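Quick mapping for you: the protein sequence lines, in order, are chains A and B.
Numbered per the numbering used here, the first sequence spans residues 3 to 174.
Numbered per the numbering used here, the second sequence spans residues 3 to 174.
Among these hints, one or two may not hold up.
Treat identical chains as interchangeable: a pair holds within one or across any two.
With a straight-line Cα cutoff of 30 Å, these simulated DSSO-like cross-link-like pairs (lysine-lysine) come out [claimed, not checked]:
| # | residue 1 | residue 2 |
| --- | --- | --- |
| 1 | 133 | 68 |
| 2 | 163 | 124 |
| 3 | 63 | 90 |
| 4 | 19 | 63 |
Hints were generated in silico from the structure; no laboratory data involved.
Everything numeric in this text was worked out from a predicted model, so none of it was measured.
There are 2 protein chains.
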Amino acid sequence: MDAIQCMLTRKSVKKYKPDMVPKELLEQIIEAGLNAPSGLNKQSPIILAVTDRQVRDELSKLNAGKDPFFRSDPFYGAPVVLVVLADKSVPTYLYDGPLVMENLQLAAHALGLGACWIHRAKETFEQPEGKAILEKLGLQGEYEGIGNCIVGYADIDPEKKPRKENRVFWIE
Amino acid sequence: MDAIQCMLTRKSVKKYKPDMVPKELLEQIIEAGLNAPSGLNKQSPIILAVTDRQVRDELSKLNAGKDPFFRSDPFYGAPVVLVVLADKSVPTYLYDGPLVMENLQLAAHALGLGACWIHRAKETFEQPEGKAILEKLGLQGEYEGIGNCIVGYADIDPEKKPRKENRVFWIE
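Excised from the complex, chain A in its bound form (with noise of 0.2 Å):
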């Protein structure tokens, strides 16, 4: 798919099919975002890929949170979640996080997939629930949640909303 039109086209997408996305493609996924830029090229973010089903429904339960009022099910059905994070020592750390996020899902959208940033990605890693999940993986410390790049086969054709006035101001 045409870089430009991949941009324009690009929908988040909240409902997916319960099928699994070959590894294959989530690999092509993530090599796009880590080739995202970053301050001083310090490449500070990491991705966690999550297609167990155990951890990915723990995911969706952490952000959930204990609020009974909130959707059963924050990431929207879809098997496979890309979690973002990013070393907090590194200065830039929370505008870089951001940049491989977009390439995430600009990927996922190329290859035909549906993706959607899904925020709480701070708040779930700094429950003792999720600093288990990190420290498992021997990370310790220094990382936040920037964001939770959910994946998977769209179930809905969601519109492309407009977007809003006023946003651009030429100094020419």
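Since the structure of chain A is provided, determine the placement of chain B on it from the hints.
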């Protein structure tokens, strides 16, 4: 250019020819930027498209600050600066802004142009001279600088920097 290839081959360009970029190309780049996703689709980020030499030079000067040891032009000679700012009153503004920045950089690369994220947009618009630029445009109060996307014709073909190891953790 293919979207995935675009993400894999994009590089941060740090030397530019002085030639101005046609407005029609800048408009395509900006449109790609505006189409980045945003939290709850609030579309809080805005773009200042600066091609005016005087304002471009002023932004460069404000960016460099008062440190005489700082390089003379932090914009590396690029004739265009697309400044992304985002509305601080939107809770996700710090995540939304960088997504626009990534689309700008990718779109420039897809169109055969060079681009690079230059930091210190936040600091620029905290200074009285930066605030004055926003006030002149009728933009008051809540906008924080996210990044400067410099754009122009590359005068160098930088090597693609290798990706660091151990940034992907599979939970499958």
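Comparing the hints with the structure gives:
1. With identical chains, the CA atoms of residue 133 and residue 68 are at most 30 Å apart within one copy only, with a shortest distance of 17 Å there and 42 Å across copies.
2. For the identical chains of this complex, residue 163 and residue 124 are neighbours both inside a copy (27 Å) and across copies (29 Å), given an alpha-carbon limit of 30 Å.
3. Taking the shortest alpha-carbon separations for residue 63 and residue 90, both the intra-copy value of 25 Å and the inter-copy value of 29 Å come in at or below 30 Å.
4. Taking CA atoms no more than 30 Å apart as the test, residue 19 paired with residue 63 passes inside one copy only; the shortest distance there is 19 Å, against 52 Å between copies.
In summary, this structure violates none of the numbered hints.
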